[in-house]
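Novice: Chains as they are written, first to last, in our numbering: chain A, 88 to 388; chain B, 91 to 203.
Treat the hints as calculated values from the structure; they're not laboratory data. Treat each hint with caution, since some may be false.
[Unchecked claim] Selected chain A positions facing chain B (in silico; Cβ < 7 angstroms):
1. Leu185
2. Asn189
3. His330
For each residue, glycine too, the CB sits at the ideal point set by N, CA and C.
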Amino acid sequence: MCDTCGCEGDSKITYNKPGEEHTHDHDHGHGHTHSYTHDHDHQHDTDKHAHDHKHEYSHEHSHHDHDHEHDHAHEHHTHEKEHDHPHGKEIKIEHDILNKNNALAERNRGYFEAKNVFALNLVSSPGSGKTSLLERTIKELGSELNFYVVEGDQQTMNDANRIAALKVPVIQINTGNGCHLDAEMVNKAVKQLEVANDSVLFIENVGNLVCPSLFDLGEAKRVVVISVTEGDDKPIKYPTMFHSADICIINKTDLLPYVDFSVAKAKEYALSVNHHLVFFEVSVKTGEGMQQWYQWLKENK
Amino acid sequence: MHELSIATNIIEIAEEFVTKNKGSHISKIEIEVGELSGIVIDSLNFAMELAVKETVLERAEFVITSIEGKSKCNKCGNEFSNSDWYTPCPKCLSMDFEIIAGKELRIKSIFID
Ligand SMILES: Nc1nc2c(ncn2[C@@H]2O[C@H](COP(=O)(O)OP(=O)(O)OP(=O)(O)O)[C@@H](O)[C@H]2O)c(=O)[nH]1
Ligand SMILES: [Mg+2]
Ligand SMILES: [Zn+2]
């Protein structure tokens, strides 16, 4: 539900600047909603299923060198179809499913490059300290660099309000049920934010270590934040995210004496899924290690 | 659940192709999902079931093929299968390798009626 106007339909994505009336398109129509609750009458005619399975298996086998067990185990069928009715015209399309997002992300990237905007996509599990990191960075580097922030959360203006308190332009995207930002959301948000040339754009993604990894936003660098209270095996539990990141910030190092977290182990795990990763060990709370991060920001922007 | 976004993308692409080919609906769609794509096939199946209602895919047979992960070692050049991200090169035990297959997420073909 929209926090500002209370409109129904929590799959609605909203864009809000703190202190302004809600700026999102107020479209209450039901253009393309998908029912999450309908009873899908799913009949499994066992004989037909067996037939299908065989058909698909032999089909696959002519294309790949996979061994039997492998293909067999991974064949998945949902929608059954009468088989006495031949399939229609086959079109080989070889179409990348993320094409649309990737294309839009490239447009964002081109826009950022043309304006010399250094865009960073910050991803992590909930509560690792992304907003705190941005707050401290803005406070300590705000006189040297020009910051803009896009905040992504399912609900609330909380994070945007924290940034707005520092007098930095910010827009909050509320994704409703959505578990990640995508290139289209960032495109819309950035248009409203009117980012100036030669600035740094922080995009704080929805706190989630799984879903955001697939969606390129057009950022220059992806920054994954992990805090020492989370367990040092996070990188191999969520390898897709660590594989797709460029920078890994290990936060809350002030808590190291109280938790069983080995920084060396975490780094080793992270490097095992992505040997290009660059690390910063920081405590946003005490400020320890922040200088190296600032140095990197200034050198790379 | 990002699989729902993926399902929505699949439907959009399918609808585009049906329109382009002046068909009415799709009877079958073949999708390839790499083991390292970050997509859980069962979740995608579930998401598709929810999302296809009243679309050109509503009655389509939905076939997903998993593509094995493959990497090439930067140290010794060995090519090896890996369905996770952190198994070292079996030949030289190096962790320095590039993934060459398994990140696919694509529609291979559609059958239009
Ligand atoms: N001890 C300690 N606590 C920290 C540190 N950094 C952040 N925190 C605390 O961690 C909690 C979560 O911080 P946030 O900055 O809101 O985390 P986030 O990643 O933005 O969270 P979401 O947006 O909800 O995903 C807050 O209570 C912070 O005060 C740190 O370096 N040390
Ligand atoms: Mg936050
Ligand atoms: Zn090797």
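Novice: A separate judgement is required for each hint: does it hold in the structure or not?
Specialist: Quick rundown of the hints versus the structure:
1. Leu185: OK, holds: A:Leu185 within 7 angstroms of chain B, min 6 angstroms.
2. Asn189: violated, 10 angstroms
3. His330: Given a least distance of 6 angstroms, the restraint on A:His330 holds.
The structure fails to meet hint 2 from the earlier list, while all remaining hints are met.
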